[in-house]
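Guided by the hints, dock chain L onto chain R, whose structure is given.
Each chain is listed here by its residues.
Number of protein chains: 2
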Amino acid sequence: MNEVIRQLMNHRSIRQFTDEKLTGEEVRRLVEAAQMASTSSYLQAYSIIGVTDADKKAALRKVSGQTYVEDNGHLFVFVADFYRHQLMSEELGADINDYLGATESFLVGTVDAALAAQNLAVAAESMGLGICYIGSLRNDMQQVIDILNLPEHVYPLFGMVVGHPADSGSQKERLPFKHIYHENGYDSSSYAEEIAGYDEEIAAYYRARTNGKRADKWSEQVVGMLSEKTRLDVDDVVKKQGFLQQ
Amino acid sequence: MNEVIRQLMNHRSIRQFTDEKLTGEEVRRLVEAAQMASTSSYLQAYSIIGVTDADKKAALRKVSGQTYVEDNGHLFVFVADFYRHQLMSEELGADINDYLGATESFLVGTVDAALAAQNLAVAAESMGLGICYIGSLRNDMQQVIDILNLPEHVYPLFGMVVGHPADSGSQKERLPFKHIYHENGYDSSSYAEEIAGYDEEIAAYYRARTNGKRADKWSEQVVGMLSEKTRLDVDDVVKKQGFLQQ
Numbered sequence: 001m002n003e004v005i006r007q008l009m010n011h012r013s014i015r016q017f018t019d020e021k022l023t024g025e026e027v028r029r030l031v032e033a034a035q036m037a038s039t040s041s042y043l044q045a046y047s048i049i050g051v052t053d054a055d056k057k058a059a060l061r062k063v064s065g066q067t068y069v070e071d072n073g074h075l076f077v078f079v080a081d082f083y084r085h086q087l088m089s090e091e092l093g094a095d096i097n098d099y100l101g102a103t104e105s106f107l108v109g110t111v112d113a114a115l116a117a118q119n120l121a122v123a124a125e126s127m128g129l130g131i132c133y134i135g136s137l138r139n140d141m142q143q144v145i146d147i148l149n150l151p152e153h154v155y156p157l158f159g160m161v162v163g164h165p166a167d168s169g170s171q172k173e174r175l176p177f178k179h180i181y182h183e184n185g186y187d188s189s190s191y192a193e194e195i196a197g198y199d200e201e202i203a204a205y206y207r208a209r210t211n212g213k214r215a216d217k218w219s220e221q222v223v224g225m226l227s228e229k230t231r232l233d234v235d236d237v238v239k240k241q242g243f244l245q246q
Numbered sequence: 001m002n003e004v005i006r007q008l009m010n011h012r013s014i015r016q017f018t019d020e021k022l023t024g025e026e027v028r029r030l031v032e033a034a035q036m037a038s039t040s041s042y043l044q045a046y047s048i049i050g051v052t053d054a055d056k057k058a059a060l061r062k063v064s065g066q067t068y069v070e071d072n073g074h075l076f077v078f079v080a081d082f083y084r085h086q087l088m089s090e091e092l093g094a095d096i097n098d099y100l101g102a103t104e105s106f107l108v109g110t111v112d113a114a115l116a117a118q119n120l121a122v123a124a125e126s127m128g129l130g131i132c133y134i135g136s137l138r139n140d141m142q143q144v145i146d147i148l149n150l151p152e153h154v155y156p157l158f159g160m161v162v163g164h165p166a167d168s169g170s171q172k173e174r175l176p177f178k179h180i181y182h183e184n185g186y187d188s189s190s191y192a193e194e195i196a197g198y199d200e201e202i203a204a205y206y207r208a209r210t211n212g213k214r215a216d217k218w219s220e221q222v223v224g225m226l227s228e229k230t231r232l233d234v235d236d237v238v239k240k241q242g243f244l245q246q
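Chains as they are written, first to last, in the UniProt record's numbering: chain R, 1 to 246; chain L, 1 to 246.
Looking at chain R on its own, in the form it has when it is part of the complex (with noise of 0.2 Å):
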């Protein structure tokens, strides 16, 4: 194993970090690292939103409910972006607005976005960075967009908090290889087996972990989790700004 893979195979989350905040230069070099990555069709169709003013974080923060959207060593925003393409249509003279509204440029954005934003977490933890991804800024979108002050033809996918770790995170371990990996055609036949395996491991890891006062299994964790109707306004918000029109 390599050491990339090696860096890879030792990613964690990281929630608690020291003071210290990351330079501008260390900024530049995650940004760049992550706008290297492969973009669908050459559209690098994103931006990076760095959150430093202390009033905006505490937005954010309540937004997600998480204390480390504040306390962190820097607090990355990653958007969907046509509004650059939007506004060279206008300057050509040319009409995009079927693309605008497909279901297509939503995944691209979406895409796009994600890869950068990999590329930078990877950048981050080779530089001896902690990261955490922060999904719950889509708690509220629309106070999301109010905040940075997002245009039409950009909404915000989620958050990424990067800096000195000031603890060392725990690993949770992923489903079987062979649940995710199919060879030549979805094969759903071992399904029900493999999830009670994992179930099993994830159980014991959480009973590990609480001296046995827990012991969730991962599909029950899951499924109640996605039984909640939460998030149900992305809908709107994403419609609202422009996508999603078909």
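No lab work stands behind these hints, which were simulated from the structure alone. Even glycine gets a Cβ: it sits at the ideal position worked out from N, Cα and C. Possibly wrong hints are sitting among the right ones.
What the hints assert, rightly or not - 35 Å max Cα-Cα, derived DSBU-like pairs, lysine-lysine:
(1) L:Lys240 x R:Lys172
(2) R:Lys172 x R:Lys56
(3) R:Lys239 x L:Lys62
(4) L:Lys178 x R:Lys62
(5) L:Lys56 x L:Lys240
(6) R:Lys240 x L:Lys229
(7) L:Lys21 x R:Lys172
(8) R:Lys56 x L:Lys178
(9) R:Lys240 x L:Lys217
(10) L:Lys56 x L:Lys21
(11) R:Lys172 x R:Lys57
(12) R:Lys178 x L:Lys240
(13) R:Lys217 x L:Lys239
(14) L:Lys172 x L:Lys57
(15) R:Lys229 x L:Lys240
(16) R:Lys217 x R:Lys229
(17) R:Lys178 x L:Lys56
(18) L:Lys178 x L:Lys62
(19) R:Lys239 x L:Lys239
(20) L:Lys229 x R:Lys239
(21) L:Lys178 x L:Lys56
(22) L:Lys239 x L:Lys62
(23) R:Lys172 x R:Lys217
(24) L:Lys217 x R:Lys239
(25) R:Lys62 x L:Lys239
(26) L:Lys239 x L:Lys56
(27) R:Lys239 x L:Lys240
(28) L:Lys62 x R:Lys172
(29) R:Lys217 x R:Lys62
(30) R:Lys229 x L:Lys239
(31) L:Lys62 x R:Lys178
Claimed, not checked - Chain R is faced by these chain L residues, among others (derived, beta-carbon under 8 Å):
(32) Met9
(33) His11
(34) Arg28
(35) Ser188
(36) Leu226
To be verified - Which bits of chain R does chain L cover? Going by a derived footprint, with three or more residues having C-beta under 8 Å, they are:
(37) 19 to 25
(38) 111 to 119
(39) 162 to 176
(40) 188 to 194
Structure of chain L alone, referenced to chain R:
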């Protein structure tokens, strides 16, 4: 600049490979590295299909239009996947239909698959392999679903070809750092100027590569592409698979 960041900064898409296939061990190593990427709320809402069957590769190449979909060391297809979650909810007698039909799950599946894919790309390049994303599988998403036998609550996002490079590729300049990175709020006040400068750079790049025959500006290239009414059927297909029901 450390070695990991140097690798990220050196990324280029590779579209020509030697005949050497990836070994089973290499495939497993890559998928396991992919699995270690962050996943929204521990959902692991994606699967990866490895395609080695000659007929299936030929069929996917036809969808994509790219020869390297057939000629590579290994072809991966990344799919957003809530099928296992649907099975688990039935098993537990829970109702997760509101979630599965919401725009939020469409975002989560797309992001989860993309983060895993980018980890796989980074891992592959660390092993001296080359990669290229294949977004053109979305030229006919329904075909891809049929070829790979994808069930409901699953949709294909993109492929990735991986292999031993037979050429060195070439790197395309990204948008300026300050165009992608905003501080404390979205700021497009210098967009026009930044795009004009970038357009000149890209035109110079094409002029140099084509002995002056081609001098596309980025804005013209991108807007031209987005003006074409392509992939408008992505919407129908993902809805048929059970997504975007709001």
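key: Unsatisfied constraints (hint numbers, rising)   = Failing hints, ascending: 18, 21, 28 and 37.
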